[in-house]
Amino acid sequence: MKIKTIKRSSDDYVPVKNTQESQLPRNLNPELHPFERAREYTKALNATKLERMFAQPFVGQFGHGHRDGVYAIAKNYNNLNKLASASGDGVIKYWNMSTRQEYASFKAHYGLVTGLCVSPQSLTKNKTENYMLSCGDDKTIKLWSVNNDDFSNVRNDDELNTNGLIKTFDGEHAFQGLDHHRTKPTFVTGGAQIQLWTSERSKPLTNLSWGADNVTNVKFNQNETDILASTGSDNSIVLYDLRTNSPTQKIVQTMRTNAICWNPMEAFNFVIGNEDHNAYYYDMRNMSRALNVYKDHVAAVMDVDFSPTGDEVVTASYDKTIRIYKSNQGHSREIYHTKRMQHVFQAKFSMDSKFIISGSDDGNVRLWRSKASERSNVKSTRERNKLEYDEKLKDRFRHMPEIRRISKHRHVPIVIKKAQEIKKIELDSLKRREMNERRTAKNKPFVPERRKQIVGTVFKYEDKRPKRREEEEDVESD
Amino acid sequence: MAPTEKRVRKTRDNQDRFERPGQFDKKERKRTKDRKLKANLKRLDKEYAQTVSDAAATDYLLPESSGYLEAEDEMEKTFKVRQSEIVGGVDVSTANKALDLKLNEFGPYYVNYSRTGTHMLLSGRKGHVASMDWRKGELRAELFLNETCHAATFLQSEQFFAVAQKKYTFIYDHEGVELHRLKQHIDVRHLEFLPYHYLLATAGETGWLKYQDVSTGALVSETRTKLGPTTAMTQNPWNAVMHLGHSNGTVTLWSPSMPDPLARILSARGPINSIAIDRSGYYMATTGKDKSLKIWDIRNFQELHSVENLPTPGTNVSISDTGLLAVSRGPHVTLWKDALKRGNAAKPCFGSMGGKSDRNTPYMSHLFAGNKVNNMKFVPFEDLLGIGHESGMTNLVIPGAGEANYDALEINPYETAKQRQEQEVRSLLDKLPADTITLDPNSLGMVDKTASSTRLSAKELSEITIGAEKQKKKNMDIPGVDVDTKSKNSGLRSFLRKKTRNVIDERKMRVQAQLDKEKALRQRKVKVQHNEISEDHKDLVGEALGRFS
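Quick mapping for you: the protein sequence lines, in order, are chains A and B.
Numbering-wise, the first sequence is residues 1 to 478 according to the UniProt record's numbering.
Numbering-wise, the second sequence is residues 1 to 549 according to the UniProt record's numbering.
Extracted from the complex, chain A is given alone in its bound form (with noise of 0.2 Å):
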């Protein structure tokens, strides 16, 4: 007779010593763990609820702010804790992110700062300097050196700097819109033409526009260095390839476009914010129709901003909020408002995708974490494992009705609530009208919600997909 028992010696099992880690073997088997889709439930509930309780998405503002509104917020693509902000009375600001304190404050324009951008590093002599270019309604382009010691020694807000100032540029018009080429030592202006400058010299380059009446941003191409994208006053949106100096393409929208950014991760797709209080994803190979439309915003979107990482979307607009979409959704994810923040004319991403720095009417710089319930402290493995299941699983039971619910619920202005829902009912009065108007009207074709705010193009797109129709009849009439 062979007999064999289970022998499990608690050696084995049982630390030794206290310092000792217990030896906890696991066992995959289902049947030794009941409840278990009911309690992935239980947790992904709980981790909701948490997320909820532990989001705070103010982290605090910059320094004391602005004077006036802030309408400019430049970004400096090579360092993470750098910012510079331009105001309505012509201050520019020039901040440490992880101080919130301001390294530098100068007047720069008489008037509104139109434009502004921190040149990138690569382009400088010894490549440690930085270089700021500003532009305003004065009809000047200024180049500035942002290196500490320059401004040590200016207090004085109300006359114009020149600590720092290393080159004027005049122009003929007032400037709209500053941006400079990522890899040549080039940048473009708007306002009523869009003019090609180099820093070497003082008058512009080349003069590129087409159609426009005014231009009021434009926007280069961070990978495909060439490619340069303009809004006009005239509604219309603009591409130009600097290689042969000419515009590519040109689409007229319903309303007014107030924004571009480019994704940093696939060079051709490009998001613009505009008055009709959406945002809109384009293709810029295809542009006879959206690849996304973010809505939400109950006022027009003023700013949008990519994160480096391409999958997320923060929208600025005049309804004093901020929102942030994931670039795959139509609908946003997480709104921001604080009481005495105003319509909102700025809203950017930090380098590390982490936080948001907004900048509004009311003159002051903010700082929003973009994961409201995230910490930045540092995280032991654990705890680090723990929120990543976390994750998992709340994405996981994300269409549960109650942690639908519980993820979904955000507290808003009564203004906005109001908004939304009046905006709501005119909307789907509209839908109504347009579905009666179909069911009597033979002819009337269905336009979809992604080419609807389209007015025209000026290359017309051939639509390459075979006809499955003709291709039918073709097979029959063989």
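What the hints contain is simulated information worked out from the structure, not anything from laboratory work.
By construction, the Cβ of each residue, glycine as well, lies at the ideal position given by its N, Cα and C atoms.
It is possible that some hints are incorrect.
[Claimed, not checked] Some residues of chain A that are not near chain B, with every Cβ distance over 12 Å (derived):
{"hint": "1", "residue": "Lys7"}
{"hint": "2", "residue": "Glu159"}
{"hint": "3", "residue": "Ala299"}
{"hint": "4", "residue": "Lys444"}
[To be verified] The calculated lysine-lysine pairs, modelled on DSS-like cross-linking and capped at a C-alpha distance of 30 Å, are:
{"hint": "5", "chain 1": "A", "residue 1": "Lys444", "chain 2": "B", "residue 2": "Lys36"}
{"hint": "6", "chain 1": "B", "residue 1": "Lys341", "chain 2": "B", "residue 2": "Lys102"}
{"hint": "7", "chain 1": "B", "residue 1": "Lys166", "chain 2": "B", "residue 2": "Lys291"}
{"hint": "8", "chain 1": "B", "residue 1": "Lys26", "chain 2": "A", "residue 2": "Lys392"}
{"hint": "9", "chain 1": "B", "residue 1": "Lys525", "chain 2": "A", "residue 2": "Lys2"}
{"hint": "10", "chain 1": "B", "residue 1": "Lys30", "chain 2": "A", "residue 2": "Lys326"}
{"hint": "11", "chain 1": "B", "residue 1": "Lys46", "chain 2": "A", "residue 2": "Lys460"}
{"hint": "12", "chain 1": "B", "residue 1": "Lys46", "chain 2": "A", "residue 2": "Lys326"}
{"hint": "13", "chain 1": "B", "residue 1": "Lys183", "chain 2": "B", "residue 2": "Lys431"}
{"hint": "14", "chain 1": "A", "residue 1": "Lys394", "chain 2": "B", "residue 2": "Lys46"}
{"hint": "15", "chain 1": "A", "residue 1": "Lys75", "chain 2": "A", "residue 2": "Lys107"}
{"hint": "16", "chain 1": "B", "residue 1": "Lys26", "chain 2": "A", "residue 2": "Lys326"}
{"hint": "17", "chain 1": "B", "residue 1": "Lys347", "chain 2": "A", "residue 2": "Lys4"}
{"hint": "18", "chain 1": "B", "residue 1": "Lys459", "chain 2": "A", "residue 2": "Lys442"}
{"hint": "19", "chain 1": "B", "residue 1": "Lys289", "chain 2": "A", "residue 2": "Lys392"}
{"hint": "20", "chain 1": "A", "residue 1": "Lys408", "chain 2": "A", "residue 2": "Lys392"}
{"hint": "21", "chain 1": "A", "residue 1": "Lys354", "chain 2": "B", "residue 2": "Lys36"}
{"hint": "22", "chain 1": "B", "residue 1": "Lys341", "chain 2": "A", "residue 2": "Lys7"}
{"hint": "23", "chain 1": "A", "residue 1": "Lys394", "chain 2": "B", "residue 2": "Lys418"}
{"hint": "24", "chain 1": "A", "residue 1": "Lys49", "chain 2": "B", "residue 2": "Lys431"}
{"hint": "25", "chain 1": "A", "residue 1": "Lys326", "chain 2": "B", "residue 2": "Lys33"}
{"hint": "26", "chain 1": "B", "residue 1": "Lys38", "chain 2": "B", "residue 2": "Lys26"}
{"hint": "27", "chain 1": "B", "residue 1": "Lys36", "chain 2": "A", "residue 2": "Lys408"}
{"hint": "28", "chain 1": "A", "residue 1": "Lys371", "chain 2": "B", "residue 2": "Lys538"}
{"hint": "29", "chain 1": "B", "residue 1": "Lys38", "chain 2": "A", "residue 2": "Lys295"}
{"hint": "30", "chain 1": "A", "residue 1": "Lys423", "chain 2": "B", "residue 2": "Lys372"}
{"hint": "31", "chain 1": "B", "residue 1": "Lys431", "chain 2": "A", "residue 2": "Lys379"}
{"hint": "32", "chain 1": "B", "residue 1": "Lys46", "chain 2": "A", "residue 2": "Lys371"}
{"hint": "33", "chain 1": "B", "residue 1": "Lys36", "chain 2": "B", "residue 2": "Lys449"}
{"hint": "34", "chain 1": "B", "residue 1": "Lys183", "chain 2": "A", "residue 2": "Lys394"}
{"hint": "35", "chain 1": "A", "residue 1": "Lys326", "chain 2": "B", "residue 2": "Lys42"}
{"hint": "36", "chain 1": "A", "residue 1": "Lys392", "chain 2": "B", "residue 2": "Lys36"}
{"hint": "37", "chain 1": "A", "residue 1": "Lys43", "chain 2": "B", "residue 2": "Lys26"}
Using the hints provided, position chain B relative to the given structure of chain A.
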């Protein structure tokens, strides 16, 4: 740079044990038009397949192997091996676990183990209750209650236990201090604790099934079974459904959120003595006073095996983690292997059956001479069967009864006090709501395809509801006159009886008139049959005077 290594996904032969039910059909995925959804589902399916394959791969790495008792030749029979031979044949540590407590005064004893298997709870019918760490031989609490004790169970850990006493049920802590008297649980004979829901379920002489939430102290639900005293009770560890046995031979399945049983199974022709369910929740075994032993597949409520003629009625039945079936009859304990399989060869039989090889002869058996088994429980994670009897308790060594490899993050027999405390907090956070107990524990998070709201379109649904109302309005639901039925069976009669509300309204009058008409027609038919009147007879007088009636 080395090319990124693609993980190889193997289909392993033990993989189906790790598959989860309710996976998405591949064909269905191909039918979906939404491309984003399609891509997402495809990725999910891939991840799932990878996970199952990986989990199956860990099976080879398990540190322990389960026990066995095997005959070396044809002549040897495993059921003839005595406990003394087994204890002599195994290693010392196992032999030490073959506990045999002689407690002659307060018996018969009811024995129960904690979920980790480290602690044993003894309760003697005459009021002796003891909680002990039986492996170390340390007594934790000992109580002499001076009243009848019927059952006892540990709660979430060995720190608390509940005892069903003469009238009330009490909760004690690890030192034996009385914490609660559950005054709503009266005349309890059976106690079960649902660890994931923190519910204490009780049933007994009153015929009520009551659930008490031991974390909040609230009485979650109480249902009247309407079937008299509950004779047996056990929980299905897979879905937390309570199985109750009754004196009319039915087994009813209960969930705290439902006032009626989820299912009724007629399993014996006499009272049910005992019920056991295996840990996968697939099989149920019952013994009845009618000397029957039945094994059910409770996924589809089909009988697998039925043994109708045990020599004496089976008093207790139990199923081990590895699927061994133990049945006790008076002083006898008999165990079968593979009794939960389909087919005639798996049907439990007694004796060697004349050497027929295709019969499931007992795996082991034991006799408590001059004694009687009161209850029995397999010890979790050990090759032991704890038996409570008239004169104490005995641990029988049953090789191959226990799960060899425990999962320390689920139930850890070697946990420290610190680990136990942390585990308790964690399990409280993950406590499942009582109303989620259903027959299929994986129904959570699924779309109910049988719900009428998804099965029927809105139009169909409204037609049904409006149609029913319309029918009522037009009195179309009143059955027609049927002369051929007997008056007792008349559809009109039962319809009238159903609608009885002691209100005489137009509708009721109409039904009554119909009934009268039916009666008259029936009487006329009888007269025709008896040739009292001709078939085309017209009662002219009645017709003429009918207007005055």
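Hint-by-hint comparison with the structure:
no., hint, verdict
1, Lys7, "6 Å, violated"
2, Glu159, "57 Å, holds"
3, Ala299, "29 Å, holds"
4, Lys444, "24 Å, holds"
5, A/Lys444 x B/Lys36, "29 Å, holds"
6, B/Lys341 x B/Lys102, "37 Å, violated"
7, B/Lys166 x B/Lys291, "29 Å, holds"
8, B/Lys26 x A/Lys392, "23 Å, holds"
9, B/Lys525 x A/Lys2, "83 Å, violated"
10, B/Lys30 x A/Lys326, "26 Å, holds"
11, B/Lys46 x A/Lys460, "41 Å, violated"
12, B/Lys46 x A/Lys326, "24 Å, holds"
13, B/Lys183 x B/Lys431, "25 Å, holds"
14, A/Lys394 x B/Lys46, "19 Å, holds"
15, A/Lys75 x A/Lys107, "19 Å, holds"
16, B/Lys26 x A/Lys326, "28 Å, holds"
17, B/Lys347 x A/Lys4, "25 Å, holds"
18, B/Lys459 x A/Lys442, "26 Å, holds"
19, B/Lys289 x A/Lys392, "52 Å, violated"
20, A/Lys408 x A/Lys392, "17 Å, holds"
21, A/Lys354 x B/Lys36, "27 Å, holds"
22, B/Lys341 x A/Lys7, "28 Å, holds"
23, A/Lys394 x B/Lys418, "29 Å, holds"
24, A/Lys49 x B/Lys431, "15 Å, holds"
25, A/Lys326 x B/Lys33, "22 Å, holds"
26, B/Lys38 x B/Lys26, "10 Å, holds"
27, B/Lys36 x A/Lys408, "21 Å, holds"
28, A/Lys371 x B/Lys538, "92 Å, violated"
29, B/Lys38 x A/Lys295, "24 Å, holds"
30, A/Lys423 x B/Lys372, "79 Å, violated"
31, B/Lys431 x A/Lys379, "27 Å, holds"
32, B/Lys46 x A/Lys371, "29 Å, holds"
33, B/Lys36 x B/Lys449, "23 Å, holds"
34, B/Lys183 x A/Lys394, "41 Å, violated"
35, A/Lys326 x B/Lys42, "21 Å, holds"
36, A/Lys392 x B/Lys36, "19 Å, holds"
37, A/Lys43 x B/Lys26, "29 Å, holds"
Violated hints for the displayed structure, listed by number in ascending order: 1, 6, 9, 11, 19, 28, 30, 34.
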